[in-house]
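Student: Sequence:
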Amino acid sequence: MSTPRRVVITGVSRGLGRALAEGVIAAGHVVAGGARSAEAIWHLTQRHGPPHRFDTVDVSCDTQVQRWAGQVLQDGPPDLLVNNAALINENALLWHVPVEEFSAVVDVNLKGTFHVIRHFVPAMVMRGEGVIVNFSSTWGRTTASEVAPYCATKWAIEGLTEALAQELPRGVAAVALNPGVVDTPMLRSCLGDEAAAYPAPEAWAAQALPLLLQLTGASNGQRLTVPL
Numbered sequence: 002m003s004t005p006r007r008v009v010i011t012g013v014s015r016g017l018g019r020a021l022a023e024g025v026i027a028a029g030h031v032v033a034g035g036a037r038s039a040e041a042i043w044h045l046t047q048r049h050g051p052p053h054r055f056d057t058v059d060v061s062c063d064t065q066v067q068r069w070a071g072q073v074l075q076d077g078p079p080d081l082l083v084n085n086a087a088l089i090n091e092n093a094l095l096w097h098v099p100v101e102e103f104s105a106v107v108d109v110n111l112k113g114t115f116h117v118i119r120h121f122v123p124a125m126v127m128r129g130e131g132v133i134v135n136f137s138s139t140w141g142r143t144t145a146s147e148v149a150p151y152c153a154t155k156w157a158i159e160g161l162t163e164a165l166a167q168e169l170p171r172g173v174a175a176v177a178l179n180p181g182v183v184d185t186p187m188l189r190s191c192l193g194d195e196a197a198a199y200p201a202p203e204a205w206a207a208q209a210l211p212l213l214l215q216l217t218g219a220s221n222g223q224r225l226t227v228p229l
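Residue numbers (the numbering used here): 2 to 229.
If you're looking for bench data, these hints aren't it; they were derived computationally from the structure.
Accuracy of the hints is not assured; some may be wrong.
[Unchecked claim] Derived EDC-like pairs: lysine to aspartate or glutamate, alpha-carbon spacing no greater than 20 Å straight-line:
1. K112 / E102
2. K112 / D194
3. K112 / E163
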């Protein structure tokens, strides 16, 4: 087997992040995962010991991300950095969305991605190698009613990623990835039981992981979708 890759994943407590972390580990690679849920992090730590590590971190807080990155980077820059952590607003017409809820969606989905990039990417640039994958959404390329705050952040992720790709040196890549429609707690908050018509996170990860692991510096600037 080739040398195990080091993969940093945000939002590993559930859904796509949890399924992706489990898939990466099963494939023989090393995961450094972060999430806000201390309980989920405890269970992941019990399930997967070193060289994997799982830390409680709120990506919306720059100082927490800075501290987390400082710990993770002691073992070297990641080969693959996956910005997955995200929130979605409760279904509502835009003018009915509470200010605090709109801010929370922006803080995690957009500012959180920026914080992670800010503290991990310099080490990847210095090494001259690595791939940054920022999770967009089907609603980052189309829109839907009652989820305007979420759509706004995911459209912003597309633009942020494209601009970042123009700034990176050869050998380092930034990719915007639409994971597709998957039966996650987030989707169920929008669609209810109708979400069961879509693939489970574990089935999604089986399709997504080969796509992610084949990305290289030559993938810079690509806008991809997981084939489901």
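Student: Hint by hint, say whether it matches the structure.
Tutor: Here is how each hint holds up against the structure:
no. : hint        : in the structure
1   : K112 / E102 : holds (14 Å)
2   : K112 / D194 : violated (31 Å)
3   : K112 / E163 : holds (16 Å)
When the structure is compared with the earlier hints, a violation turns up for hint 2 alone.
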